[in-house]
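Student: Sequence:
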Amino acid sequence: MRSSSYPAPPAARTGSARRTMRAMLVLAVTAGLATAVPAAEATSPARDTAALASTATTRAASDVAAKPFMGWSSWSMQSSKYPGLNPDGDYSYLTEANVLKQTDALASKLKKYGYDRVNIDAGWWRDNDWKPRFDQYGRQTHDPVRFPRGMKPVADHIHSKGLKAGIYLPVGLEKEAYGDGKVPVWNAPGCTTADIVHPDLRTTNGWDSSYKLDFADPCAQKYIDSQARLFADWGYDFLKLDGVGPGSFKSGDNYDNVADVAAWRRAIAATGRPIHLQLSWSLDIGHAADWKRYSNGWRIDTDIECYCNTLVTWENSVNDRWEDAPAWSDKAGPGGWNDFDAIDVGNGEMDGLTKAERQSYMTLWAISKSPLYTGDDLTRLDSYGVSLLTNREVIAVDQSDSPVARPVTPMGDQQVWGTRNADGGYTVALFNLGDSPASVTAHWASFGFTGNASVRDLWNKENLGPHKNKITAALPAHGSRLFTVKPGGEALPTTGYEAESAANTLTGNASVAGCDACSGGKKVGNLYTGGKLRFNDITVKKDGIYTVRVAYVSGDARSVTVSSNSGNGSGLKFPSTGDWGTAKTVSVQLALKAGSNTITFDSGGGYAPDLDRIDVPHSV
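Under the working numbering, the letters of the sequence shown match residues 1 to 620, in that order.
It is worth saying that the hints were derived from the structure and are not from the lab. Here the structure is a predicted model, which means the values were calculated and not measured. Hints are supplied without guarantee of correctness; some may be wrong.
Think about it this way: if two alpha-carbon atoms lie no more than 27 angstroms apart in a straight line, the pair counts; the simulated DSSO-like pairs of lysine-lysine are [said to hold, decoys possible]:
{"#": "1", "residue 1": "LYS532", "residue 2": "LYS81"}
{"#": "2", "residue 1": "LYS101", "residue 2": "LYS161"}
{"#": "3", "residue 1": "LYS593", "residue 2": "LYS532"}
{"#": "4", "residue 1": "LYS67", "residue 2": "LYS161"}
{"#": "5", "residue 1": "LYS182", "residue 2": "LYS111"}
{"#": "6", "residue 1": "LYS522", "residue 2": "LYS573"}
{"#": "7", "residue 1": "LYS161", "residue 2": "LYS112"}
Using the sequences plus the hints, can you model the full thing?
Tutor: Listed below in structure tokens is the structure:
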């Protein structure tokens with residue numbers, strides 16, 4: 001059983017309950033994250049050396065994480081109440097025997113498809129009562145019951161299978177390692193744990209389980225160097241740094257770990273070993289540039305696990321990703337990737353999902369280029385799970401050079417996502433997030449072309465032939481389809497209408513503002529509590545339903561009612577563009593009549609996105 005200091009988590013389902021549970025768990029949580037502030041670097045006596053190391057490691061980082069990583073992680077099974085997984089108490093699944101069993105299964109079943117990481121998560125230095133062990137220098141060391149031979153032989157076994165080994169730490173100096181401030185730091189004469197933290201012993205990380213490191217004293221960097229050296233000597237290729245802020249549902253100076261992440265980047269460079277640095281969890285998007293500068297990946301959301309009698313559930317947090325992912329779409333690329341957490345789609349009943357949900361889960365991860373690492377028991381994959389995890393065409397979407405996909409329609413129960421590929425075609429995903437079956441249509445006009453296009457169904461591995469102007473699929477509840485679409489027609493002629501045009505009508509607080517990212521250098525903002533923008537004299541040649549592309553700016557997801565010709569409007573939620581300096585587009589379906597029309601965007605009682613322009617096709 002766990003120590004009373006760290007009570008077992010409740011059967012959390014909602015986001016707020018999960019956050020409360022995570023605070024109680026302290027270290028028993030997934031992927032970790034750390035950060036670094038330029039000011040902290042400036043105070044370091046070794047700042048010039050650090051700057052050179054940072055330049056060198058930026059190049060190395062691109063090599064380490066040229067593509068999203070793929071593999072297996074221990075946390076999903078550690079955290080589950082599924083019968084038999086943790087027979088000796090919460091989180092007791094994590095043992096050398098189980099890690100080696102999953103390593104062998106990964107090597108035999110999934111390695112040839114690109115899955116090559118075995119990541120050991122929280123608890124390797126803690127016993128089943130969650131009591132930690134440290135060496136004489138305040139560094140975590142293996143629990144002898146969980147890992148009787150130590151951590152190096154485990155990494156050696158993983159390497160013997162042609163795989164890479166990953167390990168885990170929380171950010172900061174764990175309180176239990178402080179030792180009244182008298183613990184010496186390895187290879188740092190005169191440095192003790194009293195020197196590496198703030199004198200007031202302020203706490204940090206998502207669970208306040210560590211003291212915050214003070215990088216004004218060079219001893220703090222020496223401590224991180226000592227940890228990195230230990231992992232390099234053991235042969236680890238991957239480090240997950242957890243509880244990082246801003247993020248992990250904490251904010252404020254105590255929880256700003258940017259300096260920690262920068263210190264880890266320097267320390268890893270100094271080892272000479274190309275160790276992948278992954279940050280966790282629910283990172284602050286406002287620091288995305290820091291995460292990208294200093295790490296190879298960052299969690300964008302809370303845990304995927306439900307901490308219940310399965311590994312995950314649809315409502316727990318799998319379905320949250322559709323709303324949270326768009327804001328991060330521009331942040332990922334070679335060297336650093338948006339991490340959506342584990343893909344638990346391979347075990348059927350133990351996963352806690354329907355087949356449709358399992359496919360949609362992996363579809364979103366693939367089009368978003370999230371790392372593909374499963375938390376399933378690889379020794380008991382069902383045939384459907386194997387078909388999902390080993391579909392080479394879907395894996396290729398995740399590993400391709402094309403941009404991360406985004407929604408091309410507003411958010412809602414039925415959504416279309418897509419991205420343009422290097423060959424001029426498109427990857428297009430249809431999602432029915434509703435609780436009952438529904439049809440979903442992707443209009444080629446949303447992607448800027450018209451006419452016929454050849455379509456390939458990636459999940460079913462079959463060519464569907466030409467489709468004119470659109471493709472429609474009947475989807476089950478929480479279902480999806482994934483296609484590649486190659487246009488055979490022509491670019492769609494449109495007429496653009498700028499939001500700031502003097503021909504338009506602004507109502508309420510709506511006003512014109514500058515916008516460097518917008519097509520005319522301006523936008524219409526302040527659309528709130530009754531503010532409206534009406535585009536006047538929108539001219540088309542014939543009656544019909546038109547796919548109108550709307551360019552907008554919105555640092556968060558916002559709703560607006562869109563109508564044509566004073567008709568009844570539709571309340572539509574536009575996904576975040578990531579920040580208030582980035583413009584994106586979504587398409588809306590509007591009935592227009594031959595001749596002159598109006599299109600109105602009404603904020604209603606809330607706050608609407610800022611609007612840049614609309615593009616209206618010349619014909620339906």
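Student: What are the numbers of the hints that this structure violates, sorted from low to high?
Tutor: Result: hints 1, 5 break, sorted rising.
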